Structure formats: structure tokens, C-alpha cells
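**Student:** Sequence:
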Amino acid sequence: MKFNNTIYNNLGQFAKLMLFMGVLLLTSQHQTWAQTKVLVDNVSAISPNDKVGGLFGPYNMPTVIDPNNTLVDDDNYARLLASPGLVAGIASYDGFIELEFPATVPANTWSYVRMEGDASLFDALLGGSLGNLVGGLLGVVLTGEQVITIDARMGSTSVLSRSSTSGFTEDDVRFIQDALGNNYLAIRPNQAYDRLRINNDIGSLVGVGNEVELDVYSAFYFDSVGGECGRPFATSFDGDGGIGISLLDVQNQNLNNAIDTDLNTYSSLQSGSIVDLSVASSLQQSFYFSSPGSDDNTLNIKIALGSSGLASVDLISGIQVLLYDEDDALIYTRSLQSGLLNDASALGLLDNGDPITVTFAPGIAFSRAVVKLNSLLGVDVIGDGIKIYDVQRYDEDVTGCDNPLIAALPTATTGPLEMPSCAASLLDFENVDFPGYAVDGNNESYAVLNADAGNLLTSGPSSGFVKMDLGSVNAGQITYVRIGYDDDVLDRLLGGTLGQLVGNLANDLLLGNQYIQVQAYDAGNTEILNLTSQDFFGGANGNASGNVTLVEDNIGRPYLAIKPSAAYSSIQITNHVTAVLPTGKQSALHVYNACFETGTEPCFSANFTSYTGSGISLSLAELSTAGVTNPYRAINENSSDYSEINLGVAGVAASVYQSVYFSQPSQTGDHVKIRLSLEPSALLSLDLLGTYKIKFYNGSTQVGPDYNLQSGLINNIDLLGLFGSGGSVTLDFESPGIFDRVDVGVESLVAVGTTAPPMRLYEVSRYGDACPIVITPSPFEDSLCLSKIVDSENADELQNLTDEDFDSYATLNSGAGFLLGSNQFQGFVEMGYDQDVAAGVTTYVRIDFDTSILEGLISGSLGNLVSGVLNGLVLGDHYFQVDVKNNTYDVSTGDVTSSTTIASASSNAASVGGNNMIRVVQDAAGRYYIAVTPDQAYNAIRITDVTNSALGLLAQPNTMNVYGMCTEISEDRCLDAFATSYEYSGLNLSVNDVSGAGVTNPSYAIDDNTQHYSEISNGTLAVGTSTKQWIFFNTVSNSSDIAVIKFKTGGGGVDVDVLGGLQIKAYLGNTEVAVFDFGDGIINGLNVINLLNNGDTVSLNFRPGVNFDRISVGVETLVGVAVFPPVHLYGVNKLCNRSYLITNPMIYQKVN
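Throughout the sequence shown, residue numbering follows mature numbering (1 follows the signal peptide of the UniProt record, and there is no 0), covering -34 to -1, 1 to 1118 in sequence.
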């Protein structure tokens, strides 16, 4: 689960206003959320006036004083008296009062009698089944001095009666305490009743002539409206086994502090000793709500260890949260370790004695919550126990009751299906947080399926599942369940049989012990499919009941593709964890939705992919190079992107294939266009080319023969020469039959040790008479693009620069010529607008170039620094030049009459701190651009491809692709981020010093895959250096707009000083206009440092208060301060005074 916290920052008065409104809301919550008490309104009976003052009177004194005080809900009371009397029981008396409700109380309704008496006795009664033990410490015996009895009646007939002599430990009678420390006797008969009788009597140890008192304040029950929100009404504690409690333990409990309104006070749940180490022991504090609430309730618990330095896996695993329904049936169990997702940084917080807040969302109504502390057999880990600061329940459907630790639901995104039909209801679930999110119609919210291998401290293994109702689905129809899981497991599952080999080599440490179970049921709830990822769902083709495959969509989101062989109506997904020993291993499986395709568009593009392998029997180390890297990139919108298919070092008859799936079968005569290239540096031969294969399938049945690459050539040209040039080749195939899947791969059919080079797969698309080739749309909202080719040289396919296809390009050619530059040639193209573009407006020139060079250039100054130190010819061998111009043209001929160069840059020249006017950037799809932002008006840009003349005779010619140039002219200030890059500052180091520094996958911070992120790291850079990622918007936001920045850190090691190294800034052009001020780490009362240390995802609302069009997120190494941990940047979006939903719906804090 992505876990989220939203923090608000505003430069100005708005934050103060919102903080005031938050305080106002909090202070009004009690009245908004509270249920109505239904008070007794009649004293129907009291004990007789038979108290005797002594042998000589007075006589006939009342045994109940001020009985009518019980009819008002205040601090006045009726006092019930009891005494053993004089010698031999003479003149003994007891006191009772019978209180009648205005109407009959329904069966199974709790009623509460507020009362006070002997403090030690009451403390013992609060201890539940530990009452006798506690009483002994306090010097009281439950059967001793005072006996309290409650009797629920219907008229004169008793329906439930219980006495303190046996302790109020049953499910239907409890002794509890509220937030103010007031004590209550609670009773819930299973029959209707209309009155309560409370009796105060004497025990066997009361001395002759002594008197015991019981003060009864009021009696009431809660109506059935409200009560979903807020803190519990009351609390108590209990324990079992060989627990030992000291007098100090009891005196220091302060149970009510956990439910009061002070977030800094706490109850203490601890045991100073374990009486019997041969018996598993436990202590628990129960929290009682005044109503069962609703299925939408969530629960926050703020908790800390009793003292610092005590945290361990055993102790954390021994702390459980249990929830009970209104019938007191256990409905939910989570260990604290599971609740924290086994986060080592959170463990560090607990070890420091700091509190953390954990949220639970069981998806089912609950009336009682329990925090339980367990001790291992033979081991005392309870020690100083735990501190419970706060317990609160929330309900998003109740106005003003949103859980402040749960971010708003994210905006749904475009899914991979044409017309999806998705599960809209749950049939069953267990051990799930936010279960409803799996069927809420939002493909970005998710249910969290919890699984635990069990722990010696608690219980055996537990699993979590959701069963989703799909209606009626035909046999063979695929349902796609989007999931999030452990990346290692997903990577292996995506590799099919090849991943299975990796799992086997790894002794199933991941796949066998942490696995997914998929079950399908028919309309009669009969199981028709049951497969698990332990054996890769039965292999590539499953079994007779159907098959399950892990696939990726075209932006890299993972799905379970479930294809039962029979008609079905529901799917159940279960998360399992097992272990040889119950060590507390746990996992969380995220389930976003379950959908199947109902669309019929035959031209719908390929939307899923996976890969598989066979015949490989190598070691785990040798296998690491085999497989498919980034499979989804072969079907995404970036025509410059590719997956890489690699056989590694394999023996005879080994293979690796990438499968590309279409949601609809092909039509007769359909073709498949496949664009690919081979490793440019590889030595190719005709034998090796013969190892690359193309296969067509309809379902799992192959259609036609295997095809080699030569079969896809339109003209019989030199295929070996085409690949030898290092460029991509587009092949065309026509299947002999209907197909919905294409496999592209490589087989090893040659001698051992001779391996085909890796294949880069750029595109697999289908077209035909009814489905023409689709032209890629422009990513600009409203663009102004080049209108003319001003000049060119050594450039091919120039017409592509002015067509409507965003993926068509011109190719610039360059070569070194002979030694010392003789016969050197360059290629260039100069593109012009038909009007001037204003200063400060960015033009984007999309390009293809050597990927490793572009990866360096996107880092601005770092790319130049690394290339210069590591190898001066990395960028100098082959490079490009950019010239930004303002031309004057002859009106009649269109020729250039004069030209002024405004800015120039070369990719082989260092530019410390980056170039503010000319940068290399990536868009959300990962496409590369030269971004030009001059400080003067301009109307033309020249791109020149150059090969270093010093390379001489043996140097191969080089090429560069230019797609065109455009600028955004839309005035919509709410456009999403368009591009990104990153750079360093303060660098004056060797290349070794920047090891580990930089930004990984920068485009992931602005793409549509909410499971993707870039990683910003300063590595081991010295003081005064920084790394920042730029996020560029094509339109300017106004002063009221917000930048929503979603990120988390690696967790741990953040304090106030280190937090200063996290820098989030807003810019207008190149001018810095605002900085997010973290201050002391407390923002609107929220401890940001704890959140970051906990490794939680944070959605930070940054309102610069001025116009801006860029955001930077970076880390800086400060003097005397530890390096800020790597930042995972999930997204930077705009909030423009319109409805907007932020980030994923998980379980940590936001401040509005």
C-alpha cells in the first residue's frame, strides 16, 4: 500500500485561517458526533429504611440517600449503604435502587450505570479476569468487604444478573472507565428489559459495625443514531496466563489517558514480572465505543514502547490490535509489525521511545478495540510494556469525521481496457484494510490484503483475501486484477517460467513462502479455478481449469490476468505468507480493481505484455542477465523507448520470448508491424539472425509457423547490413490465421557459449484494411509547431518534420572522415516558425540520440562533469550542437536575409550548473527533448549532428533523429507537468565522488503510473553539494494555485537539522519565487520528521502564493549534518481551484 500523508503549506494568511478552522472543527466534534443518552426517568424501587445507628438507635434510617439524584445526568448521586449490623447479624442492612427507563430497551442493548465506591475495589474490577490478582495488590478481595450486584429486569422478572464476587468479566457485564476517570457498570441482556436494579451488599470480611457505601450517579443507554466517530466511550484492562503485575504497575496505568482529549498523555500497559515463564502471558487494554459504527469506520492508535531501547522484532510482533463486533465476536487481528509493514525505520522510532500512529481500516463495523501485549513462552518481552496515547474512530461518510491520517481518494486514471466491466461489490473479505477500495470504481485506490506467517508470541499464520462479485462472465473471458506487491515477487512472476527458474534457484524464499492464490467461482459459488503463484499458477498454460498470468499494461502497471475455462461470477484473491518457523514475516498485497473487457473495437492497440523462457538450466548468477527488461516499453506511447530481450549465456534449445496481447482477435488479413534493433556493438552473423523468432497465437494455440526476421522484410534487402548500422528496423508480418497474441524472442540453437545479442523491441502494433496505422497524437494541449525547413545538410526524410505524425522523424548524418578531419561531414536541419516566439517561452525539439549520452545530458551539469572526468571522448566522439536564432526572411522568396544567433550550446561542452536556456529533458512518456528557453524572442532553431574528426579512419558514421519542434500555446494554467530533468550544484569532484548520486528514472515522477517513482539521491557528495529534480509546466500558475508533491524517503535518520537538506522550491522561469519552509518539522501540528522516518508516502500541498511554472525537489548536504536519505518522488501535480483528489488512499497523515 502506498501510504500517504498530506501536508499543507501556504505563504500568507491562508494557512492560519485553515488552522483556525481545523481547531474550530475539532472543538465542535463532540457535539456533532455524539450519540444521545437515554436516561432513566423513574426510581421504581429502593431498599427499605432499615438502617440502625447502634444498639440504642437511631432506627429506620434510609439505606438509600437522595435517590432522585440518579434521574439527572450530572455529578450528584444517590448513596447506597450496607452493613453486617451488630453482633450475630443483628440490624444488618443492604441498599438497592431500581431505576426504570422511559420505554422498553431492546435486547442486546448496552446500558451503563455510573457509580463510585471503594477505589481499590474498583481498580480490581477494572482488571477483568485479573481482578483477584489486582485486588490482592490493593488489599481487597472480590468476595470480601463489598459486593455489588446489577440486575436487568423486565418488570419484576430478572433477565440478567451479575455480582462482583465473580468479577465483571463476562461478555455481557463489564466494569469500565470513561475519559474523565468515571467508572461504570455496563450490562447487555439478550432479552428486552425496562429497568436496572443495583444492589450494595456486604462481603464475608466486613467487620461488625462497619458500613460500605456505593454512589450511583445515573443510568442510561445510547440511542442507535451517531456514535460512529470520535474516541471510545470507555476502557478497561485484562490479562491472562502467567502474568505478574506489581502495585506500581496498577497505580501507573492511567487507563483513561488513552481516551482523553490530550494527545500527549498516555495509559501504561505493563507487567513488572512474569509469574510463570512456562505459560504464554498477555496484557490488554480494551476500548469500548458507544455504538457498532459502520463498515466505513477506520481506527487510529497512537502508541509507543514503555521506554527507549526496547524495540525488537519479537516485541513488536507481540503487540496486537484486535477488533470485535457488537456481539463481541473477534472480526479483525493485526500485529503491530504487520501494521507497520515491517518498516525498520518505524522500529527505530519505537526504539527511541517515540510514539507512532497506526491506522486500521477493517471494512466492517466494530464496537470494541483491544491493544494486546503478548509474551513468548519462556521469555519476558513485556518488560516496561507500551504507552497508548490516543484511540479514535472515524467515518468518511459522516460530515466532519474524515480520518486526518488518510489522504483523499486519488483521481482515477485511464485504464488499459476499452470498455471495462468491473466488480462493484464484495462477497467476502478477511484481514483486509480498506476492502471497499477494491470495488469502488476508482482504479487508483486499493484494498490492502494482510498476511502474516505468525509469531511465537501471538498466533499461527493468517492470510487476507477479497472475494469480488463480477456478475456473469463467459468461459475463457479474462478478468484483469490490478495489484501491487513485493517488487521481487512481481518481477519473477512477470517472467513466467523463466521467473520460476529464478524462484527455484533461490529456494523459493520469495515465491514459495510469500504467494498469491487466485480462485474463481461460478454462480452457484462452486470453485472452478484454484491456482497459486507458488508454482507460477501451474505454468504458462495453467491447467484444465484455466490459467493465470502476471502481465503489465502499457505504462507498467501489474495485473493478474485470470482466464477460467468455465463461466464464472466471482474472483477471490488471497495473500499468503508461510515460514518454516513463525518468525513474524508478513506481507501486504494491494488489490486495486477487477475488470474484464466488454468493448469490441477490433483496432484497439496492444494493451498487455509479459515474458517467459524455457530450456535454461543455469546458476542464479548466470540467469541474472536473461529475461526481458522493462517489457511494457515495447507497447507504450514512446516510440523511442524499448524493452530489451536477452538470452544471457545459455545452452542449446534455450529461449526467451516477450508476449504482446491484444484484447480482440485479429481480422482476416491483418498485419503486425514490429520495430526492433540489435545490440549495436554486437558482431552479427546470419546464423545468429536466425535465432530471433516471431510467433502468432490465438489464446494458447500457435497460429502458423515460427517466423524469422528475414520473413518480415517488405523487400529482400540485406537484413544483416540493416542491423549492422546500429539503427532500428521495422518488419512487417501477416499471420495465416486469427490471432490475439504475438511472441517476439530469441532462441539458442547454436553451440554453447555463442549467444545472440540482446534485442531491443520498440513496437508491436497491428493494422489492416479496417484498422489503419494509428498516428501518435501530440502530447501538447494546443501547439505551435515548425512551419518551414529553413536549411539542411546531410539530412534524410525531412518531410517527416512537418507531417501530423508525432513519431515520424528526419535523420541527421555525420562522420569523422579521414584522419585529421579530411572529408569530415556534419548533418544539420534548421527549423523555423512562421511567427516570433516570445522570450521565456520554451520550445521542445524531440530527438533520438545515443541513450547513454542522453541519460548523462538530462542531468545537466552532472552529465558534463562525469563525461569530462571519466572519459573525455564519451560526449566528444559524437555530439550535437544547438543554435537558437531570430531570422529575417524575404517576403517574396522566403530566403533568410539576416540572422541573429541568440543562444548556442553543444552537448560536448561542460556547463557548470546546467544551461538555463538550453537543456535536455524527458516528458512523461520518457521521450527526450532539447528544451530551448531563450531570454529574447526567436523564430528558428538549428540542430547539428557532429562526429569528432580525431577518430579517423575506422570511425563509423553516426546519426541523430529529429522529430520536429513545438511550443505550447494553451492558456490553461492547470496543464499537467510536461517535462523533467535534474542537475547538481556545488560540484568540484572526481567521478568517484558522485557514485550513488543522481536521479533514477526521472520521468517516473510525472507519468500516469502511480506505482512509479523517481529516486533523488545525493549519494556521498560533500558539504555544499545538492541534487535536484526539475519539474516543468508549460503554462504559468497563478498565486492561488497549489503544487501537490507526493514523495517519501528511504526512512530513518531524519531530524530537524537533516530535514533542512530537503529543498522544495517554486520558480517562475529561472527565478526562484518560493521555498517550502519545514521550520522545526511540525506543520500545522503534524510531526513531519516522524512521517519521513517512518518511510510513509507524503502528499505535500505547496502554495507558493505567487505565479510559478517550475518546481524543484532536491536534497542538499549541509555542514555537520548527515546526508538526507534518498527521496522517492511519485508525482508533482497542480491543484487549480477546482475539485482535485490527491494520491493513494492509505494510512498516514495529512493537514489541510
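Don't take every hint at face value.
What the hints assert, rightly or not - Below, computed lysine to aspartate or glutamate pairings styled on EDC-like, alpha-carbon distance capped at 16 Å:
id	residue 1	residue 2
1	1100	901
2	754	735
3	851	757
4	639	735
5	659	698
6	659	709
What the hints assert, rightly or not - The following label-pair restraints were derived from C-beta to C-beta distances:
id	residue 1	residue 2	range
7	230	2	28 to 38 Å
8	741	645	28 to 38 Å
9	566	861	49 to 59 Å
10	966	634	37 to 47 Å
11	677	1002	46 to 56 Å
12	634	770	54 to 64 Å
13	743	990	36 to 46 Å
14	566	741	37 to 47 Å
15	656	748	47 to 57 Å
No lab work stands behind these hints, which were simulated from the structure alone.
All values reported here derive from a predicted model rather than from experimental measurement.
All residues carry an ideal CB built from backbone N, CA and C; glycine is no exception.
**Student:** Taking the hints in turn, state whether each one holds.
**Tutor:** Outcome of the hint check:
As the CA atoms of residue 1100 and residue 901 are separated by approximately 26 Å, the hinted pair breaks the 16 Å bound. Of the pairs offered as hints, the one joining residue 754 and residue 735 is violated, with about 33 Å between alpha carbons and a cut-off of 16 Å exceeded. At roughly 13 Å between alpha-carbon atoms, residue 851 and residue 757 fall within 16 Å of each other, so this suggested pair holds. For the suggested pair residue 639 and residue 735, the alpha carbons sit about 14 Å apart, so the restraint of at most 16 Å is met.
This hinted pair checks out: residue 659 and residue 698 have alpha carbons roughly 13 Å apart, not beyond 16 Å. The hinted pair formed by residue 659 and residue 709 meets the criterion: a straight-line CA distance of about 8 Å does not exceed 16 Å. With their beta carbons about 31 Å apart, residue 230 and residue 2 fall inside the hinted range of 28 to 38 Å. Remark: the range hint 28 to 38 Å for residue 741 to residue 645 is upheld by a beta-carbon distance near 30 Å.
Distance hint check: the CB atoms of residue 566 and residue 861 are about 54 Å apart, consistent with the given range 49 to 59 Å. With their beta carbons about 46 Å apart, residue 966 and residue 634 fall inside the hinted range of 37 to 47 Å. A beta carbon spacing of about 53 Å between residue 677 and residue 1002 agrees with the range 46 to 56 Å that was offered as a hint. Under the hint 54 to 64 Å, the C-beta atoms of residue 634 and residue 770, about 29 Å apart, miss the expected range.
Checked against the given bound of 36 to 46 Å, the beta carbons of residue 743 and residue 990, roughly 45 Å apart, stay inside it. A beta carbon spacing of about 23 Å between residue 566 and residue 741 contradicts the range 37 to 47 Å that was offered as a hint. Between residue 656 and residue 748, the C-beta spacing of about 49 Å keeps the proposed range 47 to 57 Å intact.
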